[in-house]
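Visitor: One line per chain: the protein sequences are X and G, in this order. Under the numbering used here, the first sequence has 409 at position 389, and the numbering climbs by one with no breaks. Under the numbering used here, the second sequence has 25 at position 19, and the numbering climbs by one with no breaks.
Some hints here could point you the wrong way.
Okay, the calculated beta carbon distance ranges per label pair [as the list claims (entries may be wrong)]: (1) X/K226 / G/V46: 57 to 67 Å; (2) G/R202 / X/V97: 50 to 60 Å; (3) G/R125 / X/E62: 49 to 59 Å; (4) G/L162 / X/P254: 18 to 28 Å.
Where chain X lies over chain G, by a calculated footprint (3+ residues, C-beta under 8 Å) [as the list claims (entries may be wrong)]: (5) 59-68; (6) 147-157; (7) 209-219; (8) 257-268.
Since the hints were derived computationally from the structure, they do not count as laboratory data. These numbers were taken from a predicted model, which means no experiment stands behind them. Each residue gets a CB set at the ideal place from its N, CA and C atoms; glycine is no exception.
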Amino acid sequence: MKQRRFLGLLVGAAMVAAACGTGATPSPTFNLPTAVGEGEGELTVLAWPGYAENGSTDETVDWVTPFEDATGCKVTVQVFGTSDEAFSLFSTNPTKYDIVSASGDASLRLVRAGYVQPVNVDLVPSYADIFPALKDKPYNTVDGVHYGIPHGRGSNLLMWRTDEVTPAPTSWTEMFDPASPYAGKVSVYDAPIYIADAAVVLMSTKPELGITNPYALDDTQFAATVDLLKAQKPAIGQYWVDYTKQMEAFRAGDAVVGTTWQVITYLLQAEDPPVAVDVVKPEEGATGWSDTWMVNSKTTHPNCAYKWLDHIVSPEVNAQIASWFGEAPGNSKACALTEADQANCDFFHAADDAFWQDVWYWQTPEAKCVDGRIDKTCKSFDDWVKAWTEIKG
Amino acid sequence: MTSTTQQPVAGSARRAAAWLDHHARVRLGLLLAGPVGWLVVAYLGSLVVLFVNSLWTRDAFTGLVIRELTPDNFLDMVSNPLYRNVTLRTVGMAIVVTLTCAVIAFPIAYYMARVASPRVRGLLTVAVLMPLWASYLVKAYTWRLILSNDGVLNWLLAPLGLRGPGLGESVVGLWLVFTYLWLPYMILPLYAGLERIPASLLEASSDLGGKGWTTFRRVIFPLVVPALVAGSIFTFSLTLGDYIAPSLITTTQFIGNLIYLNFGVPDLPFAAALSLVPLVIVVLYLLVARRLGAFEAL
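Use the sequences and the hints to build the structure in full.
Guide: Printed below as a string of structure tokens:
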């Protein structure tokens with residue numbers, strides 16, 4: 021099929037006048053910036069909740085205002101709940117967001133669609149201190165070209181109400197049993213990428229399926245995964261995208277066990293009165309994320325964008341985000357600043373690469389199996405989306 | 007009069023006015039150009055764009071729209087039982103909500119129109135309209151609190167040993183929420199319809215020996231049908247297109263949720279194709295409603 025691709029398709033009237041362009045990846049002759057000049061005065065940031073805090077969530081948590089004061093770049097933050105939402109916002113407003121925190125299941129799509137530009141890592145001094153395990157990965161570097169600065173990584177976790185669920189769960193299977201006493205009170209992340217969570221479970225419960233990577237599922241493996249999720253459906257009490265909705269469900273007891281992010285647990289535990297919750301990375305391993313700060317290919321604020329890149333992965337700020345969100349920082353120097361930072365790094369195994377062996381960073385499934393198999397065709401993200409709607413009925 | 011005609015500006019304006027006075031169609035055209043232009047370009051135009059989009063496809067990996075005409079989206083929709091099930095579920099919910107609203111609204115509207123004193127009628131009108139002053143989102147979230155595990159409903163039902171529908175797979179909670187949300191849209195047209203029935207007709211029925219039930223069945227109800235259908239247009243179409251209340255109240259999907267998901271993936275062409283389903287249903291509904299005289303009762 022002739023691949024004619026059109027950038028900047030908008031809904032409504034703008035659709036009629038949509039600008040059109042060809043080619044997916046920017047040409048290798050893209051002129052990397054060679055210096056960072058004066059800021060342009062403003063910057064729009066599309067970020068995961070908790071990544072660009074300006075004091076509005078908690079007035080003591082603020083690393084955006086110092087950036088604004090230092091650079092004169094006024095920052096507008098928009099948060100998103102899933103990688104698909106981020107990608108959709110980016111593709112329907114191609115010039116709106118200057119910078120985005122993209123997980124692996126959005127980053128490669130952004131690169132191939134031409135929405136983000138190569139980044140000159142030499143202009144980001146902190147890049148030198150990023151953990152080597154996060155650099156030059158398929159989700160941030162394509163054909164040797166860097167498309168952003170690694171931010172940090174984390175694991176999706178199993179959260180439970182300690183006053184309702186005993187004994188403490190250690191396995192994801194707690195969430196997949198419609199006959200469990202907690203059926204009807206299971207809280208599940210509402211995105212097609214959640215299918216990978218079920219694949220992780222099958223990797224240990226049904227080794228005969230031969231799943232080696234939860235994002236590389238052939239027909240048989242995919243069918244088994246979808247079946248597992250369909251069987252789980254009656255147990256689900258809530259699908260969440262907006263983290264505040266999951267917090268509300270755990271607070272009210274509508275959910276007592278679910279898949280979550282560390283930051284959500286922190287926020288619930290910090291409430292007054294605290295909600296009795298705890299988290300664990302289950303024994304099967306987990307899906308997770310390794311995020312990258314990327315720059316819009318159509319940005320009109322490149323200097324502010326580069327200043328942001330350096331600010332956000334600088335040891336101090338990177339450490340702040342890591343402990344606020346509950347993840348492993350990307351900057352190796354973010355661990356040694358204070359004892360608390362070191363404790364956070366140890367807790368999240370920032371430098372312990374072995375820990376991450378069974379954490380499957382989100383990535384977009386493709387027909388060409390991402391685990392390298394060439395004798396099979398894998399289900400592409402398209403199929404995942406269709407399957408997700410079917411699973412939800 | 008004669009003095010003004012000597013001024014050239016006023017003169018040309020007057021000539022134009024005179025010309026327009028003799029050309030009624032041009033005059034009408036100029037008057038309507040603005041609103042009709044808005045209707046055709048912004049309103050029907052966007053529907054055409056929606057339809058054209060539904061015939062396109064997209065790159066499976068990046069989601070970028072590929073402008074090649076293909077019926078694939080519609081074939082997918084027809085061949086996959088999921089979309090049929092979700093459509094039937096949505097239409098079913100719309101019908102049940104409409105009927106429930108009608109049953110609840112009728113006594114209220116009747117009391118307001120024919121029994122209540124003017125003072126009480128005013129108070130009731132305010133009471134019916136009051137919920138419309140609060141944001142739809144606030145009301146939907148409030149219902150989450152009502153239906154929640156340790157919410158008001160379970161607290162009320164606990165002494166009876168019962169439990170509410172909860173926020174899980176059950177759609178009973180959503181049925182309550184929709185009924186609550188759209189009830190005013192049913193009460194107001196019904197109230198207007200009932201108020202229009204001349205008292206003399208009811209007296210005539212009574213004079214001819216019609217008891218209360220007979221009068222209702224053979225006089226009031228036939229006269230109020232157009233108003234009932236007019237109200238049902240709102241309750242039916244609002245239920246059909248909603249996706250926020252379902253996503254807040256239940257884990258079960260409705261058409262709106264599927265459109266929203268595909269919009270977010272993003273698979274805009276498929277979302278556009280799905281959007282045409284409620285559109286076609288509502289158009290069919292409006293055709294039936296028109297035959298029943300609902301448009302005269304609006």
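Visitor: Now tell me if each hint is right for this structure.
Guide: Taking the hints in turn, this is what the structure says about them:
1. X/K226 / G/V46: 57 to 67 Å: Because 58 Å falls inside the window, the suggested range holds.
2. G/R202 / X/V97: 50 to 60 Å: The hint (50 to 60 Å, Cβ to Cβ) holds, given that G/R202 and X/V97 are roughly 54 Å apart.
3. G/R125 / X/E62: 49 to 59 Å: At roughly 57 Å between Cβ atoms, X/E62 and G/R125 fall inside 49 to 59 Å, so the hint holds.
4. G/L162 / X/P254: 18 to 28 Å: Holds, at about 26 Å.
5. 59-68: It holds, with 5 qualifying residues against the three required.
6. 147-157: holds (count 6)
7. 209-219: violated (count 0)
8. 257-268: holds (count 7)
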